[in-house]
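Chemist: The chain contents come next:
2 protein chains.
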Amino acid sequence: MKMDGAKRGPQDRLADFLAGDMAAVNRIIREKMASEHAPRIPEVTAHLIEAGGKRLRPMLVLAAAHICGAPANEDHRKLAATVEFIHTATLLHDDVVDESRQRRGRPTANLLWDNKSSVLVGDYLFARAFQLMVEPGSLRVLDILANASATIAEGEVLQLTAARDLATTEATYLKVVRGKTAALFSAATESGAVIAGAGPEEVRALFTYGDALGIAFQIADDLLDYGGTSSAIGKNTGDDFRERKLTLPVIRAVAKADAPERAFWSRVIEKGDQHEGDLEQALALMARHGAMEAAQNDAFAWAATAREALAALPDHPLREMLADLADYVVSRLN
Amino acid sequence: MKMDGAKRGPQDRLADFLAGDMAAVNRIIREKMASEHAPRIPEVTAHLIEAGGKRLRPMLVLAAAHICGAPANEDHRKLAATVEFIHTATLLHDDVVDESRQRRGRPTANLLWDNKSSVLVGDYLFARAFQLMVEPGSLRVLDILANASATIAEGEVLQLTAARDLATTEATYLKVVRGKTAALFSAATESGAVIAGAGPEEVRALFTYGDALGIAFQIADDLLDYGGTSSAIGKNTGDDFRERKLTLPVIRAVAKADAPERAFWSRVIEKGDQHEGDLEQALALMARHGAMEAAQNDAFAWAATAREALAALPDHPLREMLADLADYVVSRLN
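Protein chains in written order, with our numbering: chain A, -12 to 321; chain B, -12 to 321.
This is chain A alone, in the form it adopts within the complex (with noise of 0.2 Å):
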């Protein structure tokens, strides 16, 4: 997923309410991607964790704990830095999977120097958040973590296998979403709430949220694909079409279909045989199916879960800039 955009959003604010924490992780961060015997290791890692991602993960976690009502200690922000170094690994595979040559505006590892430094650097990443973890001592937070990284792997496997496949139903879709996006954010909030010592009714709140905003961003993120501007989403309209995904607005399009619709959609999906006009004629079918606005009800509707869950925790200046934020994902769909 991606957090573009210019306008200044809840996610600035907390970026100023936790700056002082935030550039404590940045610190463990860069001390801890060092290596003191492969120096590609840092340089690859720096040029992906210093090209300016929005350390979303990361400020999850520590809103989940201030929120809590746990000061910020060394402890939590040593998840903080783990779960951006899980992101980050993933990344750097996601690209070697995807064969995708810009990242955050600027060209990725593997083509800046290959596939295996990517692969390999990840590993190592993820090797040192294990390592991290290991130090605060908190096994159900070393649990949170492996079954988030599980989750993540299992999503991007079931991707590559549904890819192309018109029988992905909504339920396949959710789990690929889960693996993609949701499974780092609610690893993120309920890792946040455990290391903080909350009760089980708010960590419970706290991935429920984690959860629904990750599903909230992603089913946005596919419906700009098909209608955004090229501005506003930073790829342009239709590469998912190009690449024949299945994201929501095609599934319930193909759910829809007559005979020759999915004639229309087997040639273009499966078959990858795809024309000029094609995109025109996907989007055209979309909407006679009404298939964009049920997505975006759907994006809607897993907003307002993640804001709900919400009010089972206590009254914070951080709580609404969550609130906010979980609006903020779909307001790019009006």
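The reader is advised that the hints may include incorrect statements.
Put simply, identical chains are the same to the list, so a pair is met inside one copy or across any two.
[Stated by the list, open to error] List time: in silico SDA-like cross-link candidates among lysine to any residue, alpha-carbon distance up to 20 Å:
{"no.": "1", "residue 1": "Lys19", "residue 2": "Ala33"}
{"no.": "2", "residue 1": "Lys232", "residue 2": "Asp101"}
{"no.": "3", "residue 1": "Lys19", "residue 2": "Glu61"}
{"no.": "4", "residue 1": "Lys19", "residue 2": "Asn134"}
{"no.": "5", "residue 1": "Lys258", "residue 2": "Glu280"}
{"no.": "6", "residue 1": "Lys232", "residue 2": "Pro26"}
{"no.": "7", "residue 1": "Lys243", "residue 2": "Arg306"}
{"no.": "8", "residue 1": "Lys258", "residue 2": "Asn60"}
{"no.": "9", "residue 1": "Lys243", "residue 2": "Asp152"}
{"no.": "10", "residue 1": "Lys243", "residue 2": "Gly(-4)"}
{"no.": "11", "residue 1": "Lys19", "residue 2": "Gly277"}
{"no.": "12", "residue 1": "Lys258", "residue 2": "Asp245"}
Read the hints as simulated data drawn from the structure, not as lab findings. Computed from a prediction, not measured in an experiment: that's the story for all the values here.
The hints should help you fit chain B onto chain A, whose structure is shown.
Modeler: Frame of chain A, contents of chain B only:
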């Protein structure tokens, strides 16, 4: 590393002695490599994990625990399965990095499926490994495994950047070898001792054994690449030369090279400008400076270190098998 060969060696006796435990370990492996959602995961994993690997690393875990006096329990077996998962994950990623087409006499997963599947299934197995080890709840074991995973990835990156670099030192070579082979051997034996509740001397002895065994094995493997017969080592003599790898015999010969010899090494290794007769010339230069004998003596010395480390451990039939294993890995050099 590979441990091929048709002769019945100490690892077969280990397999006999540990047959009951290993049946349980294999059951755990099969259970845990399943994925509810992504059938590609067990397909890829099974291709590699059921291809007749010797399961040496899980046997090292179990042997260490047995020698330290602990009857094997479910936690030991989970740890053994975890170590095999980490090993399998690294093999999947190695084959992508090395662009390998064969492993254990069969086409590699990256060839049968694709690089994407190998990267992602490797990630999944790595995450699964940590999930599995959170269950027994030993932070010390988790620490050992996370450290080993970091050392493995670091060693692989180092190998990547040291390749084709004539300035590579023996110290760098040793770090690469620890990453490639010794780190997971020593993690297996050390964590096996820890999970069995062994005292610090036994833990240290088993760490040293695994570390030295792995180094001895890898030096022997690298020597055989220049001197063994194809049937004994499973790959053709000179592969490392053609791939321009800086292994110990080359490092030793380069260290003693005069100016014309240095020009030769620079041409064939750094520039990769290799012609008919160059491998023979390389072998002649190694012979001239006693590089093969020196490396062979190193391998024997590491095997002796491994054997001697066992003296700190209680008498046990498995201890004798481990001692024989140390001799066995270098016996191929005679």
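Chemist: Hint by hint, note whether the structure agrees.
Modeler: Here is how each hint holds up against the structure:
1. Taking CA atoms no more than 20 Å apart as the test, Lys19 paired with Ala33 passes inside one copy only; the shortest distance there is 11 Å, against 34 Å between copies.
2. For the homomeric pair Lys232 and Asp101, the shortest alpha-carbon distance between copies (18 Å) is at most 20 Å, but the shortest distance inside one copy (25 Å) is not.
3. In the homo-oligomer, the alpha carbons of Lys19 and Glu61 lie at most 20 Å apart inside one protomer (14 Å), although the nearest pairing across protomers, at 34 Å, exceeds that limit.
4. Only between protomers do Lys19 and Asn134 lie at most 20 Å apart by alpha-carbon distance; the minimum there is 13 Å, versus 23 Å within a single protomer.
5. For the identical chains of this complex, Lys258 and Glu280 are neighbours neither inside a copy (27 Å) nor across copies (60 Å), given an alpha-carbon limit of 20 Å.
6. For the identical chains of this complex, Lys232 and Pro26 are inter-copy neighbours only, at 19 Å across copies versus 37 Å inside a copy, given an alpha-carbon limit of 20 Å.
7. When the C-alpha separation of Lys243 and Arg306 is checked against a cutoff of 20 Å, the pair qualifies neither within a copy, at 40 Å, nor between copies, at 67 Å.
8. In this assembly of identical chains, Lys258 and Asn60 lie within 20 Å of each other by CA distance neither inside one copy nor across copies; the values are 54 Å within and 52 Å between.
9. With identical chains, the CA atoms of Lys243 and Asp152 are at most 20 Å apart within one copy only, with a shortest distance of 16 Å there and 60 Å across copies.
10. With identical chains, the CA atoms of Lys243 and Gly(-4) are never at most 20 Å apart, being 37 Å at best within one copy and 64 Å at best between copies.
11. Within a single copy, Lys19 and Gly277 get their C-alpha atoms no closer than 49 Å, and across copies no closer than 41 Å, so neither meets the 20 Å cut-off.
12. Proximity of Lys258 and Asp245 under a CA criterion of 20 Å is satisfied intra-copy only: 18 Å inside one chain copy versus 61 Å between copies.
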